[in-house]
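One line per chain: the protein sequences are A and B, in this order.
In this text, residue positions in the first sequence follow this note's numbering: the first is 227, and each later residue adds one.
In this text, residue positions in the second sequence follow this note's numbering: the first is 227, and each later residue adds one.
Warning: the hint list may mix true and false statements.
Identical chains blur together in the list; that is why a pair holds if it fits in one copy or across any two.
[To be verified] Subject to a maximum C-alpha distance of 27 Å in a straight line, what follows is the list of computed DSSO-like cross-link-like pairs (lysine-lysine):
1) 634 x 522
2) 554 x 239
3) 504 x 458
4) 393 x 239
5) 394 x 580
6) 304 x 554
7) 404 x 278
8) 304 x 438
9) 438 x 393
10) 593 x 661
11) 458 x 278
12) 504 x 661
13) 304 x 326
14) 504 x 580
15) 393 x 580
16) 326 x 393
17) 438 x 326
18) 393 x 593
19) 580 x 522
20) 283 x 357
21) 304 x 504
22) 580 x 304
23) 404 x 432
24) 432 x 554
What the hints contain is simulated information worked out from the structure, not anything from laboratory work.
Protein chains: 2
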Amino acid sequence: MKDSSKPELNMEKIVSLARRRGFIFPSSEIYGGLSSCWDYGPLGAEMKRNVKDAWWKAMVHDRDDMVGLDSAIIMHPKVWEASGHLSGFSDPLVDCMDCKQRFRADFIDSKTCPDCSGELTQPRQFNLMFKTFMGPVEDNASIAYLRPETAQGIFVNFANVLNTSRKKLPFGIAQIGKAFRNEITTGNFIFRSREFEQMEIEYFVKPGDDEKLFNYWLEERLSWFTSLGIRKDNLRLRQHQKDELAHYARDCYDIEYYFPMGWSELEGIANRTDFDLKQHSLHSGNELTYFDEETKKHIVPYVIEPSSGVDRTVLALLCDAYDEEPDKNDTRTVLRLHPSISPYKVAILPLSRKEPVVNIARDVYAKLRRFFSTSYDDAQSIGRRYRRQDEIGTPYCVTIDFDTIEDKCATVRDRDSMRQLRIPVEALMTTLQAKLNGEPFEVLPPGGKHWLGF
Amino acid sequence: MKDSSKPELNMEKIVSLARRRGFIFPSSEIYGGLSSCWDYGPLGAEMKRNVKDAWWKAMVHDRDDMVGLDSAIIMHPKVWEASGHLSGFSDPLVDCMDCKQRFRADFIDSKTCPDCSGELTQPRQFNLMFKTFMGPVEDNASIAYLRPETAQGIFVNFANVLNTSRKKLPFGIAQIGKAFRNEITTGNFIFRSREFEQMEIEYFVKPGDDEKLFNYWLEERLSWFTSLGIRKDNLRLRQHQKDELAHYARDCYDIEYYFPMGWSELEGIANRTDFDLKQHSLHSGNELTYFDEETKKHIVPYVIEPSSGVDRTVLALLCDAYDEEPDKNDTRTVLRLHPSISPYKVAILPLSRKEPVVNIARDVYAKLRRFFSTSYDDAQSIGRRYRRQDEIGTPYCVTIDFDTIEDKCATVRDRDSMRQLRIPVEALMTTLQAKLNGEPFEVLPPGGKHWLGF
């Protein structure tokens with residue numbers, strides 16, 4: 227449930243801020259844009275990198291039971307035969323016989339066109355994979371597809387990864403990469419676009435351990451989202467109904483986020499059983515099994531799949547962080563992003579563009595940027611500069627003023643509370659490091675020397 | 227020039243090591259592979275991440291004059307009209323009238339088929355862009371292309387980035403991402419594949435400053451490659467001849483690396499003049515200019531483009547690091563990778579799987595992995611474990627043995643010299659951190675306490 231003290235957020239505000247401040251632009255905008263395609267601008271590119279790095283660190287580097295993979299977007303066409311995508315990955319479409327428009331049959335209530343009330347054809351299945359041609363001749367032999375999910379790149383590499391990494395069950399293979407779906411109905415900003423980025427894990431387990439480990443991953447993935455600062459109240463688990471379940475899935479939950487358009491999927495966590503490995507064994511003629519040292523038998527592992535969207539995570543983080551608060555005659559817009567996600571951790575704001583203030587500011591900037599992503603802004607009033615940093619979610623501003631020359635201290639301003647503290651320049655690095663690592667930003671007693679100490 | 231004391235390297239050794247140790251696998255291998263497509267396995271995925279992170283840090287984060295971008299792979303088709311790719315990005319192909327095979331006309335010396343000596347057709351231009359269809363209908367209106375270079379995503383976002391980042395000339399926009407070219411002739415492992423990853427900078431300068439800044443970027447980019455440990459002798463600059471220059475380029479150099487197949491392009495650095503911005507202005511009807519505060523005039527900046535391949539950089543690093551040295555009855559294969567590029571920085575090798583050795587080892591592992599990418603290996607003899615780590619380029623191995631219980635020291639082994647030192651467990655983190663940052667690994671006098679000190 228949304229915090230009821232907060233006005234309901236509408237998506238236009240997020241789209242507008244994202245564009246105005248260089249997070250996300252409509253793709254090919256100078257040519258009128260390309261339907262539901264988006265480009266990440268300077269701040270968005272940093273934020274997206276932060277999301278992916280946080281995922282990779284938590285899911286791969288911090289775990290003993292996970293390795294990474296980076297497989298190609300274009301795969302052998304037989305992969306999609308085996309996975310079932312070629313025959314089954316489709317939406318039912320209807321045409322209007324009058325105005326010739328196409329619609330998804332399952333999104334239309336009536337038998338007549340929602341635009342012109344014309345008569346509709348019977349539904350026809352339309353495959354969602356983007357098709358292309360490899361090599362110089364456009365014939366059936368050279369058809370290739372852009373992957374509609376990164377998962378299959380993991381399954382077809384199962385034996386190679388197992389042999390080279392020598393992992394024991396349970397273990398996972400993690401991958402981040404682009405996927406493409408020729409969706410008919412796109413929209414809600416970056417929530418559903420035809421080109422998107424996935425963060426997927428295929429976690430291989432002994433059959434019988436799958437239920438327990440499925441539940442483990444539900445908890446694990448939920449807590450990853452809250453570790454990025456997303457409020458628990460805006461997240462929920464929703465179990466798929468029997469009739470929603472993919473044919474290969476024994477169980478599936480969505481982690482849903484309370485987006486402006488309502489509760490929607492942020493991540494899917496499925497028990498895919500041994501379906502994929504068995505299908506690829508069958509279609510490739512290569513046995514994809516695991517040798518169990520205990521029972522001395524070859525087994526086909528079950529798979530738990532936590533599958534998340536990078537773009538949806540970015541959108542959830544923007545929505546969750548977005549806040550407006552009345553401030554004097556004005557409204558303060560602030561992105562309360564978790565520091566690990568903010569494009570910049572610190573901004574250096576000199577109150578003068580002349581020596582010696584600018585020298586001190588430049589010096590502080592040079593030192594801090596070695597440790598944190600740091601911005602330097604000397605344009606316009608300090609008030610406007612604070613607002614700019616608030617809007618892009620910079621947790622701390624460091625202001626160098628004329629007093630700094632005398633007292634060797636700078637003013638550190640906290641984005642969320644707007645409290646300001648005078649900190650010795652010498653102690654900035656350690657202070658900010660500690661603060662960014664999550665210690666509370668407390669007001670110190672005057673002359674509180676322990677800023678220097680910790 | 228290659229070091230003449232080293233036996234010539236052949237590509238098969240690199241391909242074999244890459245596959246055996248999980249750096250790079252043939253894509254869709256269980257289905258017989260897909261021509262010239264490759265998947266990065268667990269170690270390759272880490273190495274590729276390291277290359278991209280090193281580039282992003284040096285080119286974006288460490289500079290004041292650069293911002294990042296992450297634009298979509300599928301762009302508006304008009305982008306490729308304006309850029310000239312639709313009309314001009316093609317290879318001449320000939321067909322054999324007998325065996326029906328196709329060849330690149332410029333790669334064939336004779337008038338007859340190199341395979342069956344049949345007669346060849348006249349050359350026909352074949353566009354290298356991958357074509358696909360967006361939306362449910364396959365007609366001309368919905369044709370889209372996979373980008374053949376990331377550069378155009380930067381040009382079409384020029385105004386958006388300028389307006390939101392408020393950068394002054396000269397400044398650059400940097401991007402890493404996938405690009406696709408339907409090459410007829412691929413090969414040399416990951417050197418030329420149809421799907422590849424680029425690291426591109428478009429650096430915008432005032433006309434007139436372009437020559438000076440072009441030379442600056444030649445030096446800058448060369449030194450980036452040597453900063454990753456690539457030997458200067460294996461790198462050279464080669465200026466394009468007038469007849470090689472693209473129509474938009476005033477000047478162009480390749481940074482070439484001495485690959486096993488000979489000197490080949492690692493990066494291209496071109497002076498693209500104002501060609502691209504002017505073309506997109508013309509085709510989009512949007513003025514893409516910069517307001518020069520000094521002259522109070524709107525100008526069209528010139529562009530210097532350092533354009534590099536991620537996969538080629540990975541290949542150059544593997545080739546440059548690969549070494550074989552005679553060792554007792556055997557040959558030691560070692561990847562002398564720069565620590566910033568190695569998949570693992572440190573490996574923890576316990577000499578026993580029992581308490582208390584395993585407890586100490588696990589404890590050391592838990593502490594070190596918070597700071598470095600660390601591997602834990604307790605399988606087989608210590609000699610074989612050293613060899614495994616040598617082969618994947620791990621700079622330091624930390625062996626925990628029975629003496630550790632008494633003397634609280636571990637053996638640190640240096641990959642390149644194979645020298646071993648006894649280091650207090652307490653000092654491992656700071657010691658390894660200093661060593662990985664590039665301080666020489668010196669043999670200390672017995673009991674040299676200053677390992678603890680620095």
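Consistency of the hints with the structure:
In this homomeric assembly, residue 634 and residue 522 never come within 27 Å of each other (Cα to Cα): the closest approach is 70 Å inside a single copy and 40 Å across copies. For the identical chains of this complex, residue 554 and residue 239 are intra-copy neighbours only, at 21 Å inside a copy versus 69 Å across copies, given an alpha-carbon limit of 27 Å. When the C-alpha separation of residue 504 and residue 458 is checked against a cutoff of 27 Å, the pair qualifies neither within a copy, at 38 Å, nor between copies, at 50 Å. Taking CA atoms no more than 27 Å apart as the test, residue 393 paired with residue 239 passes between copies only; the shortest distance there is 25 Å, against 47 Å inside one copy.
Proximity of residue 394 to residue 580 under the C-alpha cut-off of 27 Å is restricted to the inter-copy arrangement: shortest distance 19 Å between copies versus 62 Å within a copy. In this homomeric assembly, residue 304 and residue 554 never come within 27 Å of each other (Cα to Cα): the closest approach is 64 Å inside a single copy and 48 Å across copies. Taking the shortest Cα distances, residue 404 and residue 278 sit within 27 Å of each other both inside one copy (12 Å) and across copies (16 Å). Proximity of residue 304 and residue 438 under a CA criterion of 27 Å is satisfied in neither setting, with 33 Å inside one chain copy and 52 Å between copies.
Taking CA atoms no more than 27 Å apart as the test, residue 438 paired with residue 393 passes inside one copy only; the shortest distance there is 20 Å, against 53 Å between copies. In this assembly of identical chains, the alpha carbons of residue 593 and residue 661 lie at most 27 Å apart whether taken from the same copy (17 Å) or from different copies (22 Å). Taking the closest pair of Cα atoms, residue 458 and residue 278 come within 27 Å of each other only inside a single copy of the chain (21 Å); across copies the shortest separation is 34 Å, beyond that limit. In this homomeric assembly, residue 504 and residue 661 never come within 27 Å of each other (Cα to Cα): the closest approach is 50 Å inside a single copy and 47 Å across copies.
In this homomeric assembly, residue 304 and residue 326 come within 27 Å of each other (Cα to Cα) only across copies, at 25 Å, whereas the closest approach inside a single copy is 34 Å. When the C-alpha separation of residue 504 and residue 580 is checked against a cutoff of 27 Å, the pair qualifies neither within a copy, at 70 Å, nor between copies, at 38 Å. When the C-alpha separation of residue 393 and residue 580 is checked against a cutoff of 27 Å, the pair qualifies only between copies, where the shortest distance is 20 Å, while the shortest distance within a copy is 60 Å. Taking identical chains as interchangeable, the C-alpha atoms of residue 326 and residue 393 are never at most 27 Å apart, the minima being 55 Å within one chain and 47 Å between chains.
In this assembly of identical chains, residue 438 and residue 326 lie within 27 Å of each other by CA distance neither inside one copy nor across copies; the values are 51 Å within and 57 Å between. Taking identical chains as interchangeable, the C-alpha atoms of residue 393 and residue 593 lie at most 27 Å apart only when they sit on different chains, with a minimum of 22 Å there against 42 Å within one chain. In this homomeric assembly, residue 580 and residue 522 come within 27 Å of each other (Cα to Cα) only across copies, at 24 Å, whereas the closest approach inside a single copy is 76 Å. When the C-alpha separation of residue 283 and residue 357 is checked against a cutoff of 27 Å, the pair qualifies neither within a copy, at 34 Å, nor between copies, at 36 Å.
In the homo-oligomer, the alpha carbons of residue 304 and residue 504 lie at most 27 Å apart inside one protomer (14 Å), although the nearest pairing across protomers, at 44 Å, exceeds that limit. Within a single copy, residue 580 and residue 304 get their C-alpha atoms no closer than 66 Å, and across copies no closer than 47 Å, so neither meets the 27 Å cut-off. In the homo-oligomer, the alpha carbons of residue 404 and residue 432 never lie at most 27 Å apart, since the shortest distance is 29 Å inside one protomer and 36 Å across protomers. For a Cα distance limit of 27 Å, the shortest separation of residue 432 from residue 554 qualifies neither inside one copy, at 61 Å, nor across copies, at 43 Å.
Taken one by one, the earlier hints fail for this structure at numbers 1, 3, 6, 8, 12, 14, 16, 17, 20, 22, 23, 24, listed in ascending order.
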